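**Student:** Chains A and B, in that order, give the protein sequences. Numbering-wise (our numbering), the first sequence opens with residue 1 and increments by one. Numbering-wise (our numbering), the second sequence opens with residue 1 and increments by one.
Worth flagging that the hints you see were computed from the coordinates, not collected in a lab. All values derive from a computational prediction rather than experimental measurement. Note that CB positions come from ideal geometry on N, CA and C, so glycine has one too. Heads up, a few of these hints could be off.
Stated by the list, open to error - If the Cβ cut is set under 8 Å, some of the chain A residues that face chain B in the computed set are:
id: 1; residue: F54
id: 2; residue: K57
id: 3; residue: T65
id: 4; residue: V67
id: 5; residue: L195
id: 6; residue: A204
id: 7; residue: Q218
id: 8; residue: E226
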Amino acid sequence: MNWEKFFLDSLPLIDRATAFVCRKYGLIGADAEDFASAVKLKLIEDDYAVLRKFANKCTLSTYLTIVIQRHYVDQKIHEWGKWRPSVLARKGGDAAILLERLISRDGLSIGEASTIVRQKYTELDSHALETLASSIVTRRAQRASEIERTEEMPEPASGVSAEDDLLASERESTERHTNAIVNRELGRLPSEDRLIMKLRFIDAMKVSTMARLLKADQKQLYRRIERIVVTLKAALLAAGVAMSDIGDMLVHGADALHFDLGDPDTDPKVPQ
Amino acid sequence: MTTLSTHPAAEDLGCFIDGTLDARSRAAIVEHIADCDECRFTVVDVTAFGEELAPPERAKGRWWVAAAAAIAITVGGTFVVQARRDPLAPVIEASSRQSSRLVEARLSGFPHVVRKAQMRGRGSDPDYGVADVIVAADKVLHRGGDNARMQHARGVAQLLDFEARLAEREGDTSDEGRAERQMLVDQRNAAIPILQKAANLAPDNAAYQSDVAAALIATGTTPNFKAAVEACDRALKIEPNSADALFNQAQALDLLAQKSGEATDVTNAIKAYNKYLDVDPSSPWADEARKKIADLQQAP
Chain A
1 MNWEKFFLDS LPLIDRATAF VCRKYGLIGA DAEDFASAVK LKLIEDDYAV LRKFANKCTL
61 STYLTIVIQR HYVDQKIHEW GKWRPSVLAR KGGDAAILLE RLISRDGLSI GEASTIVRQK
121 YTELDSHALE TLASSIVTRR AQRASEIERT EEMPEPASGV SAEDDLLASE RESTERHTNA
181 IVNRELGRLP SEDRLIMKLR FIDAMKVSTM ARLLKADQKQ LYRRIERIVV TLKAALLAAG
241 VAMSDIGDML VHGADALHFD LGDPDTDPKV PQ
Chain B
1 MTTLSTHPAA EDLGCFIDGT LDARSRAAIV EHIADCDECR FTVVDVTAFG EELAPPERAK
61 GRWWVAAAAA IAITVGGTFV VQARRDPLAP VIEASSRQSS RLVEARLSGF PHVVRKAQMR
121 GRGSDPDYGV ADVIVAADKV LHRGGDNARM QHARGVAQLL DFEARLAERE GDTSDEGRAE
181 RQMLVDQRNA AIPILQKAAN LAPDNAAYQS DVAAALIATG TTPNFKAAVE ACDRALKIEP
241 NSADALFNQA QALDLLAQKS GEATDVTNAI KAYNKYLDVD PSSPWADEAR KKIADLQQAP
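All chains, full assembly: derive it from the sequences and hints.
**Tutor:** This is the structure in structure tokens:
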């Protein structure tokens with residue numbers, strides 16, 4: 001097998017998969033070009049070791065996309081730590097991921113980040129952009145509030161009343177309580193049901209796609225999802241979670257569901 | 001079943017995505033990705049890329065739509081062309097095959113289907129007709145786009161999705177069935193803000209206002225019946241002869257009359273139906289309106 005020729009023949013597919021990953025994670029300009037070069041290097045290194053591992057068990061496009069997507073994630077974990085786009089940003093698409101990356105990772109202000117995003121996505125609805133940006137800032141503020149303050153640390157800027165603080169604190173407490181119970185109840189589900197719930201409500205995967213992936217009948221899958229939702233809802237109500245707190249997450253699959261994302265330090269390693 | 005202690009190899013995950021794994025290996029992957037977000041994200045992303053690369057079903061359907069459109073144009077019809085453009089076309093098609101209309105009111109663009117008082121019960125629906133509406137509505141609910149047209153499509157899909165799921169459980173007297181029905185009833189208002197947003201985005205569209213009224217009527221509450229009358233007033237200001245709005249307004253007044261039992265409310269409802277019949281004297285909706293008038297006249 002001439003692996004160099006195989007690589008060259010596969011270049012259009014490699015480029016397309018690379019472009020897809022770039023779009024998915026909001027990589028543009030020089031960042032995208034750098035990533036495309038890194039991908040090619042990865043595929044060429046060790047005498048095309050990655051391509052040599054391909055045993056034709058799945059399609060080449062699927063295999064290459066997985067390799068490229070994983071390479072991106074590995075590279076970003078190395079660069080940023082464990083930053084990854086939030087569920088809300090993933091749902092919002094490339095522009096939302098770019099906006100979140102600029103604000104959360106690069107520390108740009110909302111105005112600066114929005115200007116960059118608008119330059120690239122000229123068709124973007126400004127209201128949607130503002131909503132997303134404010135949700136990113138809220139999440140950052142929530143994370144910051146979890147940091148224990150010391151005497152040396154400066155006081156946060158005071159733009160809110162004590163009443164606002166109290167309301168925000170109550171809201172956070174409810175969210176933490178709800179999420180803890182959701183995670184506990186999800187943990188009690190069989191693994192396939194747990195996966196179904198995550199694919200449906202976090203990743204917003206279409207039921208038809210999910211049915212194909214899990215080799216399940218689409219209509220039966222609908223009924224199964226509904227049964228799981230009913231079970232979950234009953235458990236949440238029994239645990240004292242108010243209907244108003246869970247209604248939105250169950251109906252709309254909202255970002256309100258903060259599933260445990262695991263400990264990055266103990267995450268299993270990708271096999272080489 | 002084998003539990004994976006590390007991330008699955010790229011090709012094994014690829015086989016899972018491509019659907020070529022045996023049941024045992026698939027179960028092991030499912031077990032892993034149920035708790036590994038990294039791998040689950042990979043599965044979601046690569047599946048999306050696969051659909052972007054080769055959408056065989058859409059490609060397969062396209063020649064048929066094109067051929068049918070050509071035939072329709074040849075005979076002077078435009079329905080197929082419209083069906084291709086209208087995001088709600090599959091929902092309309094699935095709804096038109098129901099033995100009973102899913103919502104009481106008249107939704108714009110939907111053909112007439114008789115509304116039966118007693119819906120089908122679980123176990124007596126072997127053809128999964130209602131499930132077809134749920135499947136079609138789900139596709140609309142997951143389509144992108146924030147313009148008025150897509151907002152409206154999503155609002156209508158949301159409404160029919162709930163009503164279809166409710167209909168599926170009608171007659172199920174088990175505790176589970178009752179609990180599921182109650183949960184759906186609690187969520188019944190969800191379509192209203194979506195449809196209202198569409199109406200706000202397209203303030204000159206009478207059909208959108210009329211569909212807001214349809215969603216309000218579906219909730220079955222007196223304040224919403226009153227709000228439905230007002231939504232129809234807004235629709236009729238835009239399009240005075242809108243059959244959808246006239247029918248829905250008459251229906252909202254009819255339901256208010258049934259709740260209050262007041263003679264003046266009954267008279268108002270009958271007047272509204274007659275106003276509708278002036279515009280549409282001959283369709284199946286008109287037959288339904290006449291029957292409603294007769295029912296109102298017979299009421300004590």
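**Student:** Hints first: check each against the structure and report whether it holds.
**Tutor:** Here is how each hint holds up against the structure:
no. : hint : verdict
1   : F54  : holds, 7 Å
2   : K57  : holds, 5 Å
3   : T65  : holds, 5 Å
4   : V67  : holds, 5 Å
5   : L195 : holds, 4 Å
6   : A204 : holds, 7 Å
7   : Q218 : holds, 6 Å
8   : E226 : holds, 7 Å
Hint compliance for this structure: every hint is met.
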